[in-house]
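Starting from the structure of chain A, add chain B where the hints point.
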Amino acid sequence: MPDAKILVVEDDVFLTKVYQDKFSREGFLTIVASDGAVAFNKAKKEKPDLIILDLLLPKKTGLDVLKELKEDKELKKIPVLILSNLGRGQDIEKGKELGADDYLVKADMTISGIVGKVKKLLGKS
Amino acid sequence: MELDDVKKQYELILDSINEGVFVIDKNKRIVFWNEEIQRLTRWNRGDAISKIYSERVKFLKRGRGKEGSQAEYLFNQVLRSKEELKAPESLFLISRERRKIPVSFTATPVYNSKKKYIGMIVTLRDVTAECAVDEMRTEFVSLVSHQLKTPLTAISWFTEMLKGEEVGKLNERQIDYLNQIYKNNRRMVALVNDLLNITRLEAGRMTVDPRPTDIKELIEESIDEIGFFAKERNCKLKFATLEEKIDKIDIDASLVKQAVLNLLSNAIKYSKDKGGKVAVFVKKKKHDILIKVKDNGLGIPDENKNQIFQKFFRGENVITKETEGTGLGLYIVKLIIEVSGGKIWFESKEDIGTSFFFTLPLSGSKAHRGERSIAKFSDFY
Numbered sequence: 001m002p003d004a005k006i007l008v009v010e011d012d013v014f015l016t017k018v019y020q021d022k023f024s025r026e027g028f029l030t031i032v033a034s035d036g037a038v039a040f041n042k043a044k045k046e047k048p049d050l051i052i053l054d055l056l057l058p059k060k061t062g063l064d065v066l067k068e069l070k071e072d073k074e075l076k077k078i079p080v081l082i083l084s085n086l087g088r089g090q091d092i093e094k095g096k097e098l099g100a101d102d103y104l105v106k107a108d109m110t111i112s113g114i115v116g117k118v119k120k121l122l123g124k125s
Numbered sequence: 001m002e003l004d005d006v007k008k009q010y011e012l013i014l015d016s017i018n019e020g021v022f023v024i025d026k027n028k029r030i031v032f033w034n035e036e037i038q039r040l041t042r043w044n045r046g047d048a049i050s051k052i053y054s055e056r057v058k059f060l061k062r063g064r065g066k067e068g069s070q071a072e073y074l075f076n077q078v079l080r081s082k083e084e085l086k087a088p089e090s091l092f093l094i095s096r097e098r099r100k101i102p103v104s105f106t107a108t109p110v111y112n113s114k115k116k117y118i119g120m121i122v123t124l125r126d127v128t129a130e131c132a133v134d135e136m137r138t139e140f141v142s143l144v145s146h147q148l149k150t151p152l153t154a155i156s157w158f159t160e161m162l163k164g165e166e167v168g169k170l171n172e173r174q175i176d177y178l179n180q181i182y183k184n185n186r187r188m189v190a191l192v193n194d195l196l197n198i199t200r201l202e203a204g205r206m207t208v209d210p211r212p213t214d215i216k217e218l219i220e221e222s223i224d225e226i227g228f229f230a231k232e233r234n235c236k237l238k239f240a241t242l243e244e245k246i247d248k249i250d251i252d253a254s255l256v257k258q259a260v261l262n263l264l265s266n267a268i269k270y271s272k273d274k275g276g277k278v279a280v281f282v283k284k285k286k287h288d289i290l291i292k293v294k295d296n297g298l299g300i301p302d303e304n305k306n307q308i309f310q311k312f313f314r315g316e317n318v319i320t321k322e323t324e325g326t327g328l329g330l331y332i333v334k335l336i337i338e339v340s341g342g343k344i345w346f347e348s349k350e351d352i353g354t355s356f357f358f359t360l361p362l363s364g365s366k367a368h369r370g371e372r373s374i375a376k377f378s379d380f381y
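Chains as they are written, first to last, in the numbering used here: chain A, 1 to 125; chain B, 1 to 381.
Read the hints as simulated data drawn from the structure, not as lab findings.
The model shown is predicted, which means the values in this text are computed figures rather than measured ones.
Relax, there's no trap hidden among the hints.
Reference listing, derived: stretches of chain B covered by chain A, where coverage requires no fewer than 3 residues with Cβ under 8 Å from a Cβ of chain A:
| hint | segment |
| --- | --- |
| 1 | 143-153 |
| 2 | 156-165 |
For each label pair, taking beta carbons as the anchor points, the in silico distance ranges come out as:
| hint | chain 1 | residue 1 | chain 2 | residue 2 | range |
| --- | --- | --- | --- | --- | --- |
| 3 | A | Glu93 | B | Ile13 | 48 to 58 Å |
| 4 | B | Phe313 | A | Lys70 | 43 to 53 Å |
| 5 | A | Lys17 | B | Glu303 | 48 to 58 Å |
| 6 | B | Asn184 | A | Lys17 | 17 to 27 Å |
For glycine and all other residues, C-beta sits at the position ideal for the given N, C-alpha and C.
Isolated chain A (complex conformation) (with noise of 0.2 Å):
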């Protein structure tokens, strides 16, 4: 799917430039929130196809973000993958909860695995 618009949460710089490096390579449209408290507001502007959103952000967390997420009608639709370095079972079980569709743990995923996923995340959605 060329031209597909995922939106990057995500604070850390080094990983967001591999995220944007990564994903314009293959053919993504790349966006960034690098806080909590943007990351809504970029989505409801932006409609992005895919979400990746990290936990532990400035201001607000990933958590409460998805929430926000899912309880908007129009963008509750857009499939969202949790990518943090937070491996507890609570935290796993809430961002499944709350309707993320995965939770990987970062520092476990090579970065074409998680272009792996996005793509099959696309295609399903």
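Chain B alone, transformed into the frame defined by chain A:
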């Protein structure tokens, strides 16, 4: 001295110590109640003496159970076994104003000269401070490992793209060097995950979620998962199953699988360089399932045999051969098997090989609701 004076003196001694002490008679009525137990329970001596103990001392097991039944259960256990009982940690005392205080508990039955049961002495120690330190340690490791993982992830992903020639052609040596960087980065991630898992296991904060599991299937999956590593090392890896069929047992598959993977990766790593052979056997016994992982490798020197399950310990004969090990693998296996209700041991001869054995109870593992589950160990060891 008069008898009353002696009694008073003992009471003074017991009042001055830092442990809550009370004594009950054979009818379960409180006959002695020291200073510290007053502080812990918030019940004064006057309100406690001659009351049935369960009206004044209530316990709660961390996470589940009814508070009344827990005290009853402990006391009955002492009466049944007729021996001193130390309760497992993670016991809360519920005070008069319903505050929860973590305590350690010791109960000693008292018998008269005719060996007749006449009562029980119970001591309780407030372990709030110890619990707080434990909590801090776990939180600290969690925080540190999370902070370490973010830059490790960035290094991993950039290296992956670079060595995948996504931003330009590279020559062979450049790719080789990048592979070394990549592997070492994965090692760091594995180490961080190991430390995290150990902290969780040691602090009893690891979730144990037993579900019906086919142990043969679990072993087959583990062998599939680590097959690439055996191939890389020219090691023959086989599952020499002796049993036709083993009924499912209730174990936490993700934990046990991690233990099997650690044992397999060790066996492969330390098997012979040429003609290495690793075999897994499973056998159903009367009360448990016995699993054996056998290699034909370096073996464990006699003088190291009693240290093999220690944290950060590595055999003297393997440090020079395999520089990569963390010395945490077997320690984690031991912790996992113990929380699963099993036992682990080994037999080994230097230059002939080692067999590790562990058991899992047919009755299954006990569930434990910690707030964490096992962090994935890296595919690189």
